[in-house]
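Visitor: Here is what each chain is made of, one letter per residue.
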Amino acid sequence: MIPLEYYLILSAFMFVTGVTGVLTRRNAIVVFMSIELMLNSANLTFVAYSSFFGDVIGQLFVFFVMAVAAAEVAIGLAIIIAIFRNKLTINIDEINILKW
Amino acid sequence: MTLEQGLFGFFALIAVASSILMVTRKNPVISALFLVLNFGALSGIYLLLRAQFIAVVQVIVYAGAIMVLFLFVLMLLRPAQEKSYFKDRPQQKFMAIVVGVLMFLQIIYSIFFAMPGKMADEARRVEIGTIEFIGRELYTTYLLPFEAIAFVLLTATIGALVLSKKKMD
Numbered sequence: 001m002i003p004l005e006y007y008l009i010l011s012a013f014m015f016v017t018g019v020t021g022v023l024t025r026r027n028a029i030v031v032f033m034s035i036e037l038m039l040n041s042a043n044l045t046f047v048a049y050s051s052f053f054g055d056v057i058g059q060l061f062v063f064f065v066m067a068v069a070a071a072e073v074a075i076g077l078a079i080i081i082a083i084f085r086n087k088l089t090i091n092i093d094e095i096n097i098l099k100w
Numbered sequence: 001m002t003l004e005q006g007l008f009g010f011f012a013l014i015a016v017a018s019s020i021l022m023v024t025r026k027n028p029v030i031s032a033l034f035l036v037l038n039f040g041a042l043s044g045i046y047l048l049l050r051a052q053f054i055a056v057v058q059v060i061v062y063a064g065a066i067m068v069l070f071l072f073v074l075m076l077l078r079p080a081q082e083k084s085y086f087k088d089r090p091q092q093k094f095m096a097i098v099v100g101v102l103m104f105l106q107i108i109y110s111i112f113f114a115m116p117g118k119m120a121d122e123a124r125r126v127e128i129g130t131i132e133f134i135g136r137e138l139y140t141t142y143l144l145p146f147e148a149i150a151f152v153l154l155t156a157t158i159g160a161l162v163l164s165k166k167k168m169d
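In the order they appear, the protein sequences are chains A and B.
Reading the first sequence from the start, the letters are residues 1 to 100 in the numbering used here.
Reading the second sequence from the start, the letters are residues 1 to 169 in the numbering used here.
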């Protein structure tokens with residue numbers, strides 16, 4: 001029997017790695033992948049609590065998170081392709097037309 | 001050390017190592033492959049938590065569909081090598097790592113001061129992870145969110161089609 005805290009610490013570590021990835025990487029697709037990593041660490045927390053307390057809603061929520069993540073990836077990658085078509089770059093430091 | 005603890009250590013080690021490598025590798029394709037490895041290890045951890053359905057969906061949806069989409073776009077765009085932005089500004093990278101460590105400590109603090117609840121017994125844990133149980137809940141109690149997620153996916157499909165059209169006007 002593995003204590004709940006082990007799963008939570010693993011999840012926290014993955015989340016923080018994702019945060020650091022978002023803050024340090026410049027490639028828009030890699031930033032996006034770091035966000036996926038953060039979503040997955042949240043999923044791990046949901047499943048861990050759901051399993052330890054015997055409540056199924058956590059696992060259902062993970063199912064919904066996965067569906068939203070799939071939708072998000074489809075839209076996000078379409079946006080990245082549209083940006084690449086216009087500016088020929090996906091370096092997030094050069095995509096700054098919304099910044100003043 | 002029981003088999004369960006050994007397996008947890010194995011999968012946790014893979015998950016930690018692959019997440020670090022994913023963030024630090026310069027080549028985005030290699031990052032994507034390490035993310036696939038991370039999702040595979042997570043699926044193993046879900047199995048240790050008796051969440052069979054989620055483990056299978058993790059492999060099919062995340063490691064399968066979503067990462068294929070990522071790799072496809074990466075190879076389609078083939079972006080130039082990431083510019084070494086942080087060569088000029090090392091303090092920015094340093095600050096990012098400081099923020100990460102602080103956030104980690106904050107989460108650990110909140111984990112150890114969280115309210116402990118009543119733990120479920122083994123039979124219940126195995127029962128709620130099965131496809132049968134999750135399917136019954138999904139189509140009865142949580143039918144409305146299930147229908148809503150279907151609309152989200154439909155909207156995403158239409159949105160992706162519109163966004164990827166040749167001319168946007």
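The set of hints was computed from the structure by calculation and includes no laboratory data.
Using N, Cα and C, we set each Cβ at its ideal position, and we do this for glycine too.
The reader is advised that the hints may include incorrect statements.
Computed cross-link-like contacts, DSBU-like style, restricted to lysine-lysine with a CA-CA straight-line distance of at most 30 angstroms [unchecked claim]:
1) B:Lys26 with A:Lys99
2) B:Lys93 with A:Lys99
3) A:Lys99 with B:Lys118
4) B:Lys93 with B:Lys26
5) A:Lys99 with A:Lys87
6) A:Lys99 with B:Lys165
7) A:Lys87 with B:Lys118
8) B:Lys26 with A:Lys87
Rough simulated footprint, nothing fancy, chain B against chain A, three-plus residues with beta-carbon under 8 angstroms [claimed, not checked]:
9) 33 to 42
10) 58 to 70
Visitor: Would you check the hint for B:Lys93 and A:Lys99, treating anything up to 30 angstroms between C-alpha atoms as holding?
Guide: 21 angstroms, holds
Visitor: Please verify whether A:Lys99 and B:Lys165 have alpha carbons no more than 30 angstroms apart.
Guide: 26 angstroms, holds
Visitor: Does the structure keep B:Lys93 and B:Lys26 at a Cα separation of 30 angstroms or less?
Guide: Satisfied, since the Cα-Cα distance of roughly 15 angstroms is no more than 30 angstroms.
Visitor: Does A:Lys99 pair with A:Lys87 here, judged by a C-alpha cut-off of 30 angstroms?
Guide: 16 angstroms, holds
Visitor: Taking a Cβ-Cβ distance under 8 angstroms as contact, does the region 33 to 42 of chain A have three or more residues in contact with chain B?
Guide: holds (count 5)
Visitor: For the pair supplied as a hint, B:Lys26 and A:Lys99, is the alpha-carbon distance within the 30 angstroms limit?
Guide: Distance of about 26 angstroms is within 30 angstroms: holds.
Visitor: Given that the region 58 to 70 of chain A was listed as covered by chain B, double-check it with a C-beta distance under 8 angstroms for 3 or more residues.
Guide: holds (count 10)
Visitor: For the pair supplied as a hint, A:Lys87 and B:Lys118, confirm whether the alpha-carbon distance does not exceed 30 angstroms.
Guide: 55 angstroms, violated
Visitor: For A:Lys99 and B:Lys118, compute the direct alpha-carbon distance and say whether it is at most 30 angstroms.
Guide: Status violated; Cα separation ~49 angstroms.
Visitor: Given the hinted pair B:Lys26 and A:Lys87, is their Cα-Cα distance within 30 angstroms?
Guide: 22 angstroms, holds
Consistency with the previously given hints fails for numbers 3 and 7, ordered from lowest to highest.
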